[in-house]
Amino acid sequence: MNILTMLMSNWIGRSLTVLYPARPAVTEGYRGLVKFDETRCSGCSMCAFHCTSRAIDFRSSKTEYKWSYDPGQCTFCGRCAQGCESHALSMEQACPPIYLTSGALKCFYTVQRKPPAPNPEPSGNPQQEGSTAGDAR
Amino acid sequence: MNLTTALFRLLIFPGLLFAVPASWFFLWVERKAVAGMQQRVGPPFMQPFVDFIKLLGKGVPARKGIGGMLMTTWPLLALASSAGAVGMLPVLSSFHGFAGDLILLLALLELPSMCLIAAGFSSRSIFAEIGSAREATMSVSYNVVFLLAIVSIATSQHTFSLEALAQTPTTPLYWLGVLAILVCLPAKLHVNPFSLPNAEQEIYTGPLTEYAGFELAMWELAHGLEWVASAGLVAMLVAPHFGPWWLDAGLFVSISFGVVLLLSVLAAATARMAIDNTVRFYWRVTLVFAVLAISSALFMRIRL
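Protein chains in written order, with the working numbering: chain A, 1255 to 1391; chain B, 65 to 368.
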């Protein structure tokens, strides 16, 4: 009889459907559109590798790379932001906007590759490094 | 029954003029009630009608290797038989039927199911074939119970005439038969937990997978008329006839509405059963139920 009680309370209670143009309330940890910070991006392309719905596209050349994101294909799983070691990707804490044209929210970035970081200075005492590693173990 | 009465029943009331809007209304009630019980908004009032018009305006895509005429014939045949079944219901006391019209009503109620099975196999789609196989298996299971229930009711009332059935005083045995029919209705109308032939998440829409446009609109309408006919059969058996036509018609519509609501509650409260469980249910549980009814009917006849 529990199911009948539940159905009755659902029937009497308020519908959970949110009718347009109202938007559902955003809660803590809500995953909206993927935001890209090109200043932080290292161009590793792991986001495109993680994206199973192929919403993120990454095309690379020697001098630059093109990063694009299509929210129409995105499932908002958050794997890209989770796997981004340079923290260039984050999820917006808001509902994606309503759009009427296909591909209206699609975004493209062309980022110049950063010159490779100079090799670190060889340390003066390799014997000491080895002993430190040994201590850590 | 003369020609005028027959035409009035088929075309005006309870036939097409009443039954077509009623079928859209019942389809809407079912969808809206299930949505309400699942905390959804559900479709607007005109949605089944709008769907029907939209489908009428759509073309049928070319289907290679499928007989076009055959595919068009099945929904039309189903629609004609459903409309005929609705037209045969003796809603008003002044409608004159004929001896044995209950048997014709049963045949007309069964024909849409047969058409659905044939349509699925005609369309050469694997999903449609699975749906048709399910419908055929279910049909064999629930129809035994359904026919036994009808026979038990007819035996208890000593008549196979619909009008006589509607007007004779009821007995406990009669109510047992009505209950058995109610148990069969979800399977007949493909409502949860017996929505196996049109299981959307598994086999798309089963036998109707290859249908579109005008043909699909005819199937939808035939299904709506099946709702009216099936709910109307229960209403016809249950509703007392008082005399004034408006009271009889009002009672018929109200009880049919109640049956639709009852089926909607069942649909919202249950999940789809597997085919083997469905068959087992109808053969084990309901068969006992119907056998009880028919044996009681025979016992009453001997006693009388």
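Worth flagging that the hints you see were computed from the coordinates, not collected in a lab.
Using N, Cα and C, we set each Cβ at its ideal position, and we do this for glycine too.
Watch out, some of these pointers could steer you wrong.
[What the hints assert, rightly or not] Some chain B residues well away from chain A (every beta-carbon gap over 10 Å; in silico):
1) Arg104
2) Phe109
3) Tyr268
4) Phe321
5) Ile339
[Unchecked claim] Simulated restraints, written as ranges between beta carbons of each label pair:
6) B:Leu168 with A:Arg1277: 31 to 41 Å
7) B:Gly121 with A:Gln1336: 39 to 49 Å
8) A:Cys1349 with B:Met110: 47 to 57 Å
9) A:Pro1351 with B:Pro107: 44 to 54 Å
10) B:Ala313 with A:Pro1351: 43 to 53 Å
11) A:Ala1358 with B:Gly322: 47 to 57 Å
12) B:Ala338 with A:Thr1259: 19 to 29 Å
[Stated by the list, open to error] SDA-like cross-link-like pairs, simulated, lysine to any residue; straight-line CA separation at most 20 Å:
13) B:Lys96 with A:Leu1258
14) B:Lys128 with A:Ile1257
15) B:Lys96 with A:Trp1265
16) B:Lys96 with A:Tyr1319
17) B:Lys96 with A:Thr1259
18) B:Lys96 with A:Leu1261
19) B:Lys96 with A:Ile1257
20) B:Lys96 with A:Leu1270
21) B:Lys96 with A:Gly1267
22) B:Lys96 with A:Tyr1274
23) B:Lys96 with A:Ser1344
24) B:Lys96 with A:Ser1263
25) A:Lys1289 with A:Tyr1319
26) B:Lys96 with A:Ser1269
27) B:Lys96 with A:Lys1289
28) B:Lys96 with A:Asn1264
Verification of the hints:
| no. | hint | result |
| --- | --- | --- |
| 1 | Arg104 | 5 Å, violated |
| 2 | Phe109 | 15 Å, holds |
| 3 | Tyr268 | 22 Å, holds |
| 4 | Phe321 | 16 Å, holds |
| 5 | Ile339 | 23 Å, holds |
| 6 | B:Leu168 with A:Arg1277: 31 to 41 Å | 56 Å, violated |
| 7 | B:Gly121 with A:Gln1336: 39 to 49 Å | 47 Å, holds |
| 8 | A:Cys1349 with B:Met110: 47 to 57 Å | 29 Å, violated |
| 9 | A:Pro1351 with B:Pro107: 44 to 54 Å | 26 Å, violated |
| 10 | B:Ala313 with A:Pro1351: 43 to 53 Å | 52 Å, holds |
| 11 | A:Ala1358 with B:Gly322: 47 to 57 Å | 49 Å, holds |
| 12 | B:Ala338 with A:Thr1259: 19 to 29 Å | 27 Å, holds |
| 13 | B:Lys96 with A:Leu1258 | 17 Å, holds |
| 14 | B:Lys128 with A:Ile1257 | 47 Å, violated |
| 15 | B:Lys96 with A:Trp1265 | 10 Å, holds |
| 16 | B:Lys96 with A:Tyr1319 | 52 Å, violated |
| 17 | B:Lys96 with A:Thr1259 | 18 Å, holds |
| 18 | B:Lys96 with A:Leu1261 | 13 Å, holds |
| 19 | B:Lys96 with A:Ile1257 | 18 Å, holds |
| 20 | B:Lys96 with A:Leu1270 | 14 Å, holds |
| 21 | B:Lys96 with A:Gly1267 | 14 Å, holds |
| 22 | B:Lys96 with A:Tyr1274 | 19 Å, holds |
| 23 | B:Lys96 with A:Ser1344 | 40 Å, violated |
| 24 | B:Lys96 with A:Ser1263 | 15 Å, holds |
| 25 | A:Lys1289 with A:Tyr1319 | 17 Å, holds |
| 26 | B:Lys96 with A:Ser1269 | 12 Å, holds |
| 27 | B:Lys96 with A:Lys1289 | 39 Å, violated |
| 28 | B:Lys96 with A:Asn1264 | 13 Å, holds |
In summary, the structure is inconsistent with hints 1, 6, 8, 9, 14, 16, 23 and 27 from the numbered list given earlier, while agreeing with the others.
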